[in-house]
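Work the whole structure out from these sequences, hints included.
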Amino acid sequence: MKIKEEKEGLLSRIRILDLADEKASFCSKLLSDLGAYVIKIEKPGGDSSRKIGPFLGNSPHPEKSLFFFHNNTNKLGITLNLENKVGREIFLKLIKRTDIVVETFPPGYLNELDLGFEALSEINPKLILVSVTGFGQCGPRSKYKSCDIVASAFGGQMYVSGSPSTPPLKPFGDQSYYAASLSAAIGILLALRKRVHNGKGEHVDISLQEAVASTLEHVMIQCFYEKIVPKRQGTIHWNNSLCILSCKDGYILISLLQQWETLVEWMDNEGMAEDLKDEKYKEEQYRLRHLDHIIEVLQRWTKTHATQELFEIGQLMRFPWAPVHSPKEVLESPQMKSRGFFIEVDHPEIDTSIKYPGAPYKFDHCSLDRWKRAPLIGEDNIQIYQKELGLSDEELRKLSSINAI
Amino acid sequence: MSQGILNGLRILDFTWVLAGPYVTRILADFGAEVIKIQSKKTSRGAESNLTGYFNTWNRNKRSATLDMSYPEAKEIILKLTKISDVVIENFSPRVISNWGLGYERLKEVKPDLIMLSMSGMGQTGPWKDFVAFGPTIQALSGLTYLTSFTQDSPLGLGYAYADVIAGLYAAFAVLAALGYRDKTGKGQYIDLSEYEAICTLMGPALLDVSVNHKDIFPQGNRSEDIQAAPYGCYPCRGMDRWCVIAVFNEIEWENLCTIMGRPDWAKEERFSDLSRRKENKEDLDKFLEQWTLQYSPEEVVNRLQKAGVSAGVVQNAEDLANDPHLIARDFFVQLEHPVLGKTLSDASPIKFKETSRVEWKAAPLLGEDNRYVYMELLGFTEEELSSYIENGIIS
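Those protein sequences? They're chains L and W, same order as listed.
Using our numbering, read the first sequence as starting at 1 and increasing by one per residue.
Using our numbering, read the second sequence as starting at 1 and increasing by one per residue.
Keep in mind the hints are simulated off the structure, nothing from the lab.
Careful, some of the hints might be misleading.
What the hints assert, rightly or not - To give an idea of the chain L side of the interface with chain W (calculated C-beta under 7 angstroms), a few residues: (1) PHE154; (2) GLY156; (3) SER163; (4) MET220; (5) ASP364.
What the hints assert, rightly or not - Calculated cross-link-like contacts (lysine to aspartate or glutamate; reagent style EDC-like; alpha-carbon spacing at most 16 angstroms): (6) L:LYS248 - W:ASP152; (7) W:LYS74 - W:GLU108; (8) W:LYS342 - L:GLU226; (9) W:LYS128 - L:GLU312; (10) L:LYS303 - W:ASP182; (11) L:LYS93 - L:GLU388; (12) L:LYS227 - W:ASP215; (13) W:LYS267 - W:GLU254; (14) L:LYS231 - W:GLU318; (15) L:LYS200 - W:GLU354; (16) W:LYS79 - W:ASP112; (17) W:LYS353 - L:GLU118; (18) L:LYS282 - L:GLU270; (19) L:LYS231 - W:ASP319; (20) L:LYS145 - W:ASP215; (21) W:LYS214 - L:GLU332; (22) L:LYS43 - L:ASP268; (23) W:LYS186 - L:ASP364; (24) L:LYS51 - W:GLU254; (25) W:LYS82 - W:ASP129; (26) L:LYS227 - W:ASP319; (27) L:LYS64 - L:GLU349; (28) L:LYS93 - L:GLU395; (29) L:LYS64 - L:ASP351; (30) L:LYS328 - W:ASP215; (31) W:LYS214 - L:ASP351; (32) L:LYS231 - W:ASP240; (33) W:LYS186 - W:GLU298; (34) W:LYS107 - L:ASP351.
No residue lacks a Cβ here, since even glycine has one placed at the ideal position from N, Cα and C.
Below, the structure written as structure tokens:
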């Protein structure tokens, strides 16, 4: 619905061709959710990311991938075979009327098809090509294969996640693809601004490894400034300011050092402060040296409470605490409900609507609340090939018969 | 050239710690003039100018001091707003409006102003005043729960990932609003919730729970949704040395077996296809470990990548700092700081064809740009500036 009402969107009039697989389909979703006109181009039969679970009804099927659903909202979908000569000719026609192409092929692949940045620029000098790959377009490792776990490992994320007694731990759920997609989306808007000034296109080069390595907060800082190599610390935050403890009914993340006297008073009111009342604990350095003991005492106390109770009372007292929530609890969050974060999106094929995570921002001039589900395979072939490019029924049939679309 | 893309844009920066400074760093890296409002009183901890942490997140910015508890400070902010394009803040909700500097007020002096407020929970809702650091958000969003080996020992990420993600989202939102302003002449107020930002990155899991009405549990480095086996993290020779391996198809599996010198495994019935390998992953992982333990992760990864198998070294900070690939791609940038000396930080993962960082500079000293901001931009005289300083307003 929203896509037709182009005027509403913050980014309407921006035209994007999305050739990306799972590594960066989230990139153009960020733009399509804000009103950009995004055509997802899949190879005949559908993109490989349709094989990624979880699946609707738990049954693997290319039209039921929830991963695909999430990453392709508000896009149109066509099929096109770039490895076919006629397919490439059609692609170049689309390039003429496009601002941006997002792709995730191995570096050099598009060049081999004569569809590299230089070739595309000749057709459309204003074109912005965004390439998201494991290691970027150049450098000694640029030909290496990558995926989320490889990016997370090489990017430094895994080494500091997990506990000293476990192997390094990859963050849940393709985080490297999301971090890279966010960087790529910023790159697109920057390149569009640059184009306004100089009229020229741009090749934006995003590496999954670098996207991950630039999320590392303190990790490189400690290395560069203090020659410390941060390690895995399990449930204790790197600067010892926070820790996860168990409660009666689950787990809570609590702060260990701040508002110390308030915390001890609270525990003491319940007769559980033990020796933490002692004056010497008022000194932060002393507390840091005796962190293990503090955690033991706190653990005995948190076990007598329910997570929700500690969360609510703690927050009232301005402690940055939170329960360790499961996705189910996120869906039930009163905060999310109040802000209308989840959006019901129609899926006419299955006669129902599905609750999607919305966008994390509210723009006071532009509403973002009317969403369209991800395209079915080739859903918009007729719209794009006939209405936009003016191909006839017969031409379309022919293209289909030679496996171009 | 790329650093100049945002030349001519002025950002008034009320951000602190990480999430907010990360946004304004992106904008400053690409040429926006970011004026960070600081004060002696608040320049502590992560906001202390002479720390590596501050220097990393505040490069390329200017610093002006102003003690916001004075009414005169508010007048000065209104004057600065009038000549700025964007105001960004990441205080708890209400701080800015309690100063009388909410969007409605600022808009009066600058009708096409873009203002971004980012907070843990967003500006509305029953939890809007909740205090949240990055890890708080990670816990609330389900990310900590699912980033664990088992349900009864939640671990999560070892750092404040959520702050960086919120920063990226915020930069994207500001740039989108700037494009809209150029097109329509209209400014915009943007309310960004860090909690929601992380939840968008939990999309497939949230959809799974919502449509399939099931519970999902942490699986460590494994995942039922990934069509690969072997898949995981394996120990290598040396102290705390690890590699990761991901095998997506039969050719890769055969190549792996050949490299391991065990072509017979490729023929074993229990490993004969992806679903069998997934069923027998415990056995498979044990076999693999026996092999990986004999080599350094670099050896394992080089050999596997040459054979077309996805594999990676689990790099620590030192490995990253010396990573020849990152160095070849200029991923780290060295900037001279007047007190800290030569300092290193990650450059920007957003790379353009031609990138030059000639105009880059280290983070400012506290109030380093007071003369520029108050005299050049606002036209204060020398005397006016000294009197504001003496009165403790510019401090």
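- Query: Holds or violated: are the alpha carbons of W:LYS267 and W:GLU254 at most 16 angstroms from each other?
  - Reply: Between W:LYS267 and W:GLU254 the Cα gap is close to 9 angstroms, so the pair holds against 16 angstroms.
- Query: Under the criterion that the straight-line Cα-Cα distance not exceed 16 angstroms, is the pair L:LYS231, W:GLU318 satisfied?
  - Reply: The given pair, whose Cα atoms are some 11 angstroms apart, holds under the 16 angstroms limit.
- Holds or violated: L:LYS282 with L:GLU270, Cα cutoff 16 angstroms? 19 angstroms, violated
- Message: So if I understand the rule, the pair passes when the alpha-carbon distance is 16 angstroms or less; does W:LYS128 with L:GLU312 pass?
- Response: OK: W:LYS128 and L:GLU312 at ~13 angstroms, within 16 angstroms.
- Pair hint W:LYS82 and W:ASP129, alpha-carbon separation not exceeding 16 angstroms: 29 angstroms, violated
- Taking only the CA atoms, is the gap from L:LYS231 to W:ASP319 under or equal to 16 angstroms? At roughly 13 angstroms apart (the allowed maximum being 16 angstroms), W:ASP319 and L:LYS231 satisfy the hint.
- Message: Under 7 angstroms is the threshold here; is the Cβ of L:SER163 close enough to any Cβ of chain W for the hint to stand?
- Response: Constraint on L:SER163 satisfied, holds at 6 angstroms.
- Below or equal to 16 angstroms on CA atoms is what counts here, so check L:LYS93 against L:GLU388. Since the Cα atoms of L:LYS93 and L:GLU388 sit roughly 10 angstroms apart, the hinted pair holds (cutoff 16 angstroms).
- Item | L:LYS93 paired with L:GLU395 [C-alpha distance capped at 16 angstroms] | 15 angstroms, holds
- Task: Verify the proposed pairing of L:LYS227 with W:ASP215, using a straight-line Cα cut of 16 angstroms.
- Result: The given pair, whose Cα atoms are some 43 angstroms apart, is violated under the 16 angstroms limit.
- Query: Against chain W, is L:MET220 within 7 angstroms by beta-carbon distance?
  - Reply: Nearest chain W Cβ about 6 angstroms off; hint holds.
- Query: If you draw a straight line from the CA of W:LYS214 to the CA of L:ASP351, is it 16 angstroms or shorter?
  - Reply: 20 angstroms, violated
Of the numbered hints listed earlier, those contradicted by the structure are 10, 12, 18, 20, 22, 24, 25, 31, 33, 34.
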